[in-house]
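Colleague: Residue numbers (the working numbering), protein chains in the order written: chain A, 16 to 338; chain B, 867 to 1155.
Note that these hints are calculated values from the structure, not bench results.
Predicted model, so just to flag it, every value in this text is computed and none were measured.
Each residue gets a CB set at the ideal place from its N, CA and C atoms; glycine is no exception.
Worth double-checking, as some hints may not be accurate.
[Said to hold, decoys possible] Listed below are the simulated SDA-like cross-link pairs for lysine to any residue, each with C-alpha atoms no more than 20 Å apart in a straight line:
#1 Lys139/A x Asn875/B
#2 Lys290/A x Pro1044/B
#3 Lys133/A x Ser887/B
#4 Lys1064/B x Pro1044/B
#5 Lys321/A x Met994/B
[As the list claims (entries may be wrong)] Now the in silico label distances, taken between C-beta atoms and shown as ranges:
#6 Ile1069/B x Pro245/A: 32 to 42 Å
#7 Phe1059/B x Ile94/A: 45 to 55 Å
#8 Val882/B x Phe57/A: 29 to 39 Å
#9 Leu1139/B x Pro190/A: 49 to 59 Å
#10 Thr921/B x Lys133/A: 41 to 51 Å
#11 Asp1041/B x Leu129/A: 21 to 31 Å
#12 Lys133/A x Ser1016/B: 47 to 57 Å
#13 Ile1069/B x Phe182/A: 52 to 62 Å
#14 Pro277/A x Ile1069/B: 35 to 45 Å
#15 Gly276/A x Phe892/B: 19 to 29 Å
#16 Leu83/A x Tyr1138/B: 49 to 59 Å
#17 Glu1142/B x Lys248/A: 20 to 30 Å
#18 Thr921/B x Asp229/A: 50 to 60 Å
[To be verified] Every beta carbon over 12 Å from chain A, so not counted as near; a handful from chain B, in silico:
#19 Leu905
#20 Leu951
#21 Tyr1017
#22 Pro1044
#23 Ala1046
#24 Arg1099
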Amino acid sequence: MAEGIPGETTRSTENHGILRRTASMIPLSVWLIVPVEIILIFLLIAPSLISIWLSLVSWQPTFGIGILAAKFIWFKNYIELFTDSRFLWAFFRTFYITATCVFLEFLIGLGLALLVEKTLPLRKLLILILILPMMFPPLVTGNSFFMLFVSEGPINRIITLVLGIPFKFDWLSSPTYAIYPIMIGEIWQWYPLMFLIMVSGLRGLPPNQLHAADVLGASRWDLFWRIKLPLLKPIILIAIVIRAMEVIKLFDLIYIMTRGGPGTATENINLYMYKIGLKDYRFSYVSAGAWLVLIASVIIFVYLLKPLLHKVGESDPRTEEAK
Amino acid sequence: METRPYGINDWARTVVLILISIVMVFPVYWMVMTAIKPLDEWLKYPPVWFTLRPTLDCFRSILGVLDKPIDFGNPGQAAAVPAILKGLFVSVSATFISMGAGSMAAYSISRFRIGGNFLPLFILSARMFPPIAVVLPLLVMYSNVGAIDSYWGLIVAYAGFTLPFSVWMMKSFIDDVPRAIEEAAIIEGMGNFEVFYKVTLPIVKTGILVTALFIFILNWSEFLVAFTMCYDRVETAPVFLASLFSAVCGTLYGPQAAMGLIIVIPVVIFGYLIQEHLARGFTFGALKR
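Chain B with its partners taken away, still in its complex shape:
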């Protein structure tokens, strides 16, 4: 991009963009504000645009570290910590499985064109099914093997649902590695698997990290599958957030916003870490930059 002094036109564009950004950031601002408002300001009308008495009570209450917790009116009070830990465990495990299976398949597809055009598109088709359509037969299958409301059941389901992303994204990273490097390694006497394991994988390690974070974000944010396939034992963070919306809880804007923020924070951090590759991820590797 050529460097030139900014003209009036450029500044006008920037001003327009700043205005749009303010509008787009407002929902986020409102959530942060609600989460730090004291109890009596949640429902005030006209709304309190900027609270002068910020407090972390909502967070403390959700996490169960407040002496006198705000009464949620349901027994799920202060269950956020177990839900976060369970969600974390499920997401991380599923990410490992998805990445392991996905990168191996991606290498095979990229280098040996295994399955021709059919296999990659078939893997992709897993994203087209309406989620409930997959969940119902899965429930039938799971009830036969006792996997409903179990960790491994949810982990396997998550690994499967993110597989299209791990395969296609890793394929796009592996496609970028020049074949000559691998050919040289084979001439040096390395076996096929050794080449994959010792040459190709180390070269694409940024790609692996990016893909893994991307898949973790998807797993961590997933709601429908966790919500329908698990009851109490395995409760992920989004499912806990949804439980705060039940009728018994009424209008708990503060804790809801606080829990929402707790869920969002890791996602935003990881999201910005891999922001250059987000488009690549969501387009299944179709966009390189």
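Bound conformation, chain A alone:
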């Protein structure tokens, strides 16, 4: 690639030499991140800057003007958001869904991990079966749970069989209950990740401490609460933050199961932004909303990860703690 082409003029060869010399002055480490930098500039930095600008102006694609020609209105979009009850509901619903789902996923994951901690008959096979839901694309999970929860679906039938009285309920059309099938779908899909993380966390616990506690006569209850859980804490925090990051972005499941409906009863922040932004074309308003969500989630993540960052100080928590 860097070979000079024969038959070229001396001038271009000279140029080539200069280029080559300049190129060799830049270390390899810098060259290697060039592609990533280009992609990041194009897909992270530029959109962020445009998004910040959009959030401070009043602009819609239907205005027919460039975004730079839009009227600058400072924080009006943000102020309007705080009085928009639909946005606020979507905002709180997002954090409600996230907190509930992540917590339940964690409980199920940890419980299952404790069950398979020791050798068991069929242990490997059972682990493989239990992680199956994780492989499902979220959209297909939505598809599958939609079919389970329709009023003629198997869930209603199972409830009928258990209760012994005819039970028919249109889950996905109920403003109060439509959120639960969605949350169950989300939990079903992602408990396997928590499970895998906890299995690997439990396997990585220092055997000496566990053995010592065992010899000293600690009960299994004490062993779990006083030794295993505190030792697992960093991994648990990382897992929770990683899951929370994704659940806040939940979209596919809700879109396929209820489209945020009935009305706006199951709208989370992404459905809201999708409807207002891409159906009503209120680009600047939605951009302002997106920044509020991002700020809120960063505050929560930093708060969650604080004990971890504190403990390991300067070094990177991911590589240090999670072995």
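Since the structure of chain A is already known, use the hints to place chain B on it.
Modeller: Okay, now just chain B, sitting in the frame of chain A:
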């Protein structure tokens, strides 16, 4: 792990786990069952738990190889094949770009600590943005360069969105390679880039394969970006599945389930191939095993 005879306690645990597994597998079972049910059993109540007349009509209809296709009531009938091929093309291309850029950066970060702690965390922050927040400005940018509803536009977007995974995952694999090997190669007279290309990359080739499959799965399953940035020309498999849910189609449980299964099958196969590394992938390389 010590080997010991199984006690009553162990069997009890296994039984509990088997029961839980049955509950967890039920949604999958129901999807498979719906996909192979004949038309008149889709909506029956009480539901048909196990069909005695299995048929592949739904698959044939979706793929457009049935003589008398089931009427979907929309013009998108039998469009699954183009959607699958387009989705495949976009996912594979984006995986290549993401892997190429990602592994180079991962090497640089792992070996030269370039960008200190900031660069890797900055790359990671790409995962924190609400997707719509990125899609809207991207739409503005794309409309200026005519990239909306284009293959390259979607490919670049996918490559960017999976970059945090490729960088962090490859970094965790490269971190595992002892530096002494590379140092020996340098003493032998190899250039820096040669060491990366001829020594390090071949050593981590399992890691490359695992990461690539992982990223392919993410791209292949992605819905929101494809759905919002493309209209008709570039339709990926999940977008086609979502179009089967439109009001005109009504309750097409059979074809929906069949299309869902078509999307899921490659993911499950690849997923099980790399199952040891799934936790590593989703935790951005924080968990090694």
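Colleague: In terms of Cβ atoms, is chain A entirely out of 12 Å range of Leu951/B?
Modeller: holds (17 Å)
Colleague: When you check the alpha-carbon spacing of Lys133/A and Ser887/B, does it fall within 20 Å?
Modeller: It holds: about 18 Å lies between the C-alpha atoms, which stays within 20 Å.
Colleague: Okay, Lys133/A versus Ser1016/B on CB: inside 47 to 57 Å?
Modeller: holds (54 Å)
Colleague: For Tyr1017/B, is the shortest CB-to-CB distance to chain A above 12 Å, so the non-interface label stands?
Modeller: holds (16 Å)
Colleague: Once the closest CB in chain A is found, is it more than 12 Å from Leu905/B?
Modeller: It holds; Leu905/B is separated from chain A by about 15 Å at its closest Cβ, greater than 12 Å.
Colleague: If I claimed the Cβ atoms of Ile1069/B and Phe182/A lie 52 to 62 Å apart, would that claim hold in this structure?
Modeller: holds (59 Å)
Colleague: Does the beta carbon distance between Pro277/A and Ile1069/B stay inside 35 to 45 Å, or does it fall outside?
Modeller: violated (56 Å)
Colleague: Is it the case that Pro1044/B keeps its Cβ farther than 12 Å from each residue Cβ in chain A?
Modeller: holds (16 Å)
Colleague: Within 32 to 42 Å or not, the Cβ separation of Ile1069/B and Pro245/A?
Modeller: Check passed, 37 Å falls within 32 to 42 Å.
Colleague: For Leu83/A and Tyr1138/B, compare the CB-CB distance with the range 49 to 59 Å and indicate the outcome.
Modeller: At 51 Å between Cβs, range holds.
Colleague: Are the Cα atoms of Lys290/A and Pro1044/B separated by 20 Å or less?
Modeller: Outside the cut-off at roughly 51 Å; violated.
Colleague: Taking 19 to 29 Å as the stated bounds, is the beta-carbon spacing between Gly276/A and Phe892/B within them?
Modeller: The hint (19 to 29 Å, Cβ to Cβ) holds, given that Gly276/A and Phe892/B are roughly 26 Å apart.
Checked against the numbered hints above, the structure violates hints 2, 8, 9 and 14; every other hint is satisfied.
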